[in-house]
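Trainee: Using the hints, put the two chains back together into the complex; each one sits in its own frame.
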Amino acid sequence: MKKHLMAYPYALWMLIFTIIPLALILVYSVITIDDAGIHFTLDHFRRVFEPIYLAVFWRSIKIATISTIICLILGYPMAMILASKNLSKKSILVVLFVIPMWMNFLARTYAWMTLLERNGLIATIIGYFGIQLPSLLYTENTVILGMVYNFLPFMVLPVYSVLVKIDKAVLEAAEDLGATPFIVFRRVIFPLSLPGVSSGIIMVFMPALTTFVISRLLGGAHFTLIGNLIEQQFLTTMDWGFGSALSVVLMLIIILSMGFAMRYEKENQGGGLW
Amino acid sequence: MKRILKSLMAFTLAVSMILGLAGCQGEKRPQLKVYNWGDYIDYSVIDEFEEKYNIDVIYDEFATNEEMYAKIKAGADDYDILIPSDYTIKRMIDEDMLHKIDFNNIPNYKYIDDRFKNLAFDPNNEYSVPYMWGTVGILYNKNMVKETVDSWKILWDDKYSKQILMLDSLRDSIGITLKMLGYSLNTKDDEELEEAKEMLIKQKPLVLAYVGDEVKDKMIGGEAALAVVWSGDAVYMKRENSDLEYVVPKEGSNIWFDSIVIPKTSQNKKEAELFINFLCDPEIAYRNTDYIGYSTPNKEALKLLPEEVTSDKTAYPDESILADCEVFEDLADSLVKYDRIWTEVKAQ
Chain V
1 MKKHLMAYPY ALWMLIFTII PLALILVYSV ITIDDAGIHF TLDHFRRVFE
51 PIYLAVFWRS IKIATISTII CLILGYPMAM ILASKNLSKK SILVVLFVIP
101 MWMNFLARTY AWMTLLERNG LIATIIGYFG IQLPSLLYTE NTVILGMVYN
151 FLPFMVLPVY SVLVKIDKAV LEAAEDLGAT PFIVFRRVIF PLSLPGVSSG
201 IIMVFMPALT TFVISRLLGG AHFTLIGNLI EQQFLTTMDW GFGSALSVVL
251 MLIIILSMGF AMRYEKENQG GGLW
Chain U
275 MKRILKSLMA FTLAVSMILG LAGCQGEKRP QLKVYNWGDY IDYSVIDEFE
325 EKYNIDVIYD EFATNEEMYA KIKAGADDYD ILIPSDYTIK RMIDEDMLHK
375 IDFNNIPNYK YIDDRFKNLA FDPNNEYSVP YMWGTVGILY NKNMVKETVD
425 SWKILWDDKY SKQILMLDSL RDSIGITLKM LGYSLNTKDD EELEEAKEML
475 IKQKPLVLAY VGDEVKDKMI GGEAALAVVW SGDAVYMKRE NSDLEYVVPK
525 EGSNIWFDSI VIPKTSQNKK EAELFINFLC DPEIAYRNTD YIGYSTPNKE
575 ALKLLPEEVT SDKTAYPDES ILADCEVFED LADSLVKYDR IWTEVKAQ
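Sequence lines, in order, name chains V and U.
Quick note: the first sequence uses the working numbering, first residue 1, plus one each step.
Quick note: the second sequence uses the working numbering, first residue 275, plus one each step.
Keep in mind the hints are simulated off the structure, nothing from the lab.
Possibly wrong hints are sitting among the right ones.
To be verified - Sample of chain U residues lacking proximity to chain V, with all beta carbon distances greater than 10 Å (derived): (1) 324; (2) 376; (3) 397; (4) 400; (5) 427; (6) 455; (7) 461; (8) 468; (9) 525; (10) 541; (11) 551; (12) 566; (13) 576; (14) 583; (15) 585.
Claimed, not checked - Subject to a maximum C-alpha distance of 30 Å in a straight line, what follows is the list of computed BS3-like cross-link-like pairs (lysine-lysine): (16) 384/U / 573/U; (17) 62/V / 476/U; (18) 476/U / 436/U; (19) 62/V / 471/U.
What the hints assert, rightly or not - Here are some of the chain V residues that sit facing chain U, going by a computed Cβ distance under 8 Å: (20) 56; (21) 119; (22) 135; (23) 138; (24) 224; (25) 232; (26) 236.
Glycine included, each C-beta is placed from N, C-alpha and C at the ideal position.
Next up, chain U with everything else stripped away, as it sits in the complex (with noise of 0.2 Å):
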């Protein structure tokens, strides 16, 4: 009996080897080499993918637009898929980075809301498919502002006194304050950037921090009554937390979108539009969304979300609202400026 055993065992050993080899020895799987944000897919979408049209997905993760930008300017890695925001999408264009996509092989493409088609970073539409959107905002405790919050000028109430929360990002904090005075946030105007600079440094003694991802920690702890946020992180914080509210001032805002790309260094452009098709399936986005929490630009997916999420203004505000929103270009030389103001507001 034992020896029979044994040599069961045996066999089986011998047969899973074999096949173990064979399965390796099966014609090479297509390699498709994805850069996307952190946490910012369903996962189990990347497996379906993979199963369904047989090929093999590599995944990696970056925290900031600057660091993925940084390593695919260095041409280390070749990549098939980024997932970028607006402004670092517009630099890459202008450095003739981006493939330009073949949409007949992008039928789901269809499906994608025609306002978040010929956005300013890619006005004809070429190089990029939209995957999420958002916008930025005030997300205010409620026990602790007990007026309606609709401007951008609370920020300034010198009632709120070190409760306030900036962020430390200069676009984002000389952008929102351009939108108070009422000027453009991508403007290259010396005058109106003097103008926000005063403001800014006016308002800093009233500024308790600038701060980064700590925002979602402080607030949650009710450590600050308002705070300059992003519209997805919004969601997060009023999960956790439902003394928090969520607005887009009504001055306008920054409306951001983070899309699909073909950076140059891709050797697998059939596959990789084969990847933006399969993201655009509405199902396959829903299941995104749903995951993520931010906004999505497909219009079949946003039917299959439950009423709750869509009547949430935060993550899906008014049109009127988005109609005063703008997305941020690429400042180019200008930048100096920004970062110039920045750092004299900073060193005060």
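Next up, chain V with everything else stripped away, as it sits in the complex (with noise of 0.2 Å):
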């Protein structure tokens, strides 16, 4: 009973800020207003299907794949390394590693751009070697370069708490049945960590897909992803009913790449989200 009632704060609070803003949404996206009044309307989603804010969508998930992808390829062998039993200083390398995270995501996109631009810390660098390096920033790779950055914590931290929970026993089980230490990490490691790679792919394709600051700032703009798409329309458009909708159509997406995910989730030793 006690617990029940303690609930109900959070209850409220998901109600007010999730629920009804999610709601107004959904309505916002079949509704279109005029003088005669609110009328319901699909126009806004048939102009999500359009080919131009197709390709926008279609961008914005390439991107977000390669960013999760690169993330997963650095961040496993850092969460095995975090993770072995071999290392003595093992909590101090975590906080340096989580460190970065205390500052404030814009500021440290800023310092990129300040890195990377032609007058910046790396092109002066390599130029005094004589190199003349080609235009650092403003490039899609840019764009990656930032979300791989900000966003390989991510990937690492729910690997890695996966990764040391897992029973020793088994592991030595495993060896002492003749396992080489490649067949140890593709037959039980690996499975085992699969919660964590699906919540950290989860944690670095969900703000890959919708972030809209990393594009503007060391993409210059030139790439519209759909989160830069939905900001336009809210705040220099005000269309906001086609705004709702492309918000709708990317809730959808990253509800589908969650259901791919979750099928590990039962599994789950306590890397999960959810």
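Mentor: Take a look at the structure:
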């Protein structure tokens, strides 16, 4: 009974800041308001599926997927190093890894701008060796770099938290039965770490898909991503209907991609999100 | 001795408390809620107004017209004074969000230059009083651009590939393209807009980035040769880097106004008009202009400004150039066309 009561503040919070806004977006996405009143319409959704907007969706998904894959390739070994039992100063390493996250995300992204610009630190240092670099800033790769840099911890930490919980006896058993280290990894460690991997993928893919700041600052706004498009609808064009429809489609994409990852969540070992 | 000191302290404390209470109990001063752009007033002006008229000013700031509009439209705040830009004022007039100003209460209105009265967004000048104005133009680095800059066409010159900064703002970027093509920057004509779109797509490979406020750091740091900027920012950037020069191209450009209005939410219209009149006082307008660095529409304040400011073409361009400049109009339903063009350009 007591537990029940204590859930009320949170339920209220959810209602005000999650459920009602979501409902509003759903409503805005299917109505149009003119002098005659409010009408039901599917025009906003029809517009979402026009080629130029599909191209924006496609680019966003592509960049977010590439960033997620790079995060996985970089992050998984990192998580294994952090989780390895031989490491005595493990907690320091973990803290070092987390410290950059204490700094504001916008400030970190601005810092990359000054590092990468034409008269920036990197170009200046390499310039001493007589090498002229092509423009480092304002390319698609810079956007991916910004995403990987900002979201890598979201991959490492869930994988790490699953890896440290793997029962060492299981690994010893595998070794005792003659498995090489590679087989131990492939047949035991990796399958056991999948819940962490799946939440890592979600935690990187979601913000990468929806960000609009990174593409604006590091991409020079050359590459409209879905987040930029939605922001433009709400702040510049004031087309809330179309903006809401875009948001609904974006949410559906995220729910779908979560569905894929959810398959591993049942045997969740603690690294999962839900 | 110690005892005397103690009782003296107690006495002082008691007196100051009583005085403090008395101060609170005095008749309640009227309040005036002002909502203005960030860093867009000489703050000592507010103190002076409070003192002179015995009115409390509550002063808040916004960063974009859209932010301000959304807040007022939601009806959550009862501001008495707003200072939005031209096209936003038009929209607010159309949506019946503004009070008509009683100009009998604003004798200082006579100091506003006639050129800046009855502007397109408020044709009979019933709702707004100009506060600051400026233009959009090209800022260039004299070390990187050796030729004369006098046309928007230079932004389409291959020579400056990846050295051009455009504004990440659909009205401004499409607007200057239309101007270059010789059209109005408020056009609703599909063919003219289509032509502008093609030009912007053609220009895209040459553009280093579409920027917002970062343009200041980039141009001061010599990261690009040419940039589209607002005149007020240009004044600031030229001060920071003397290699920079600003020009309003011969094809004409956008001229913009930030004007003072009274929203319908205001509870204190009398005090609001008092405040507007105060801002139009030449001495006060001079101090604000001196602080902000933008251009003043107040002809008497202009006379108070030093010669080197008023002769600077950045803030005060020639009459002939201004003749070809247009004010943004509220596009209403046609804004969607602009939005689509901008998305198509950016999605390339």
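Trainee: Please flag the earlier hints that this structure goes against, numbers listed from lowest up.
Mentor: No numbers; nothing is violated.
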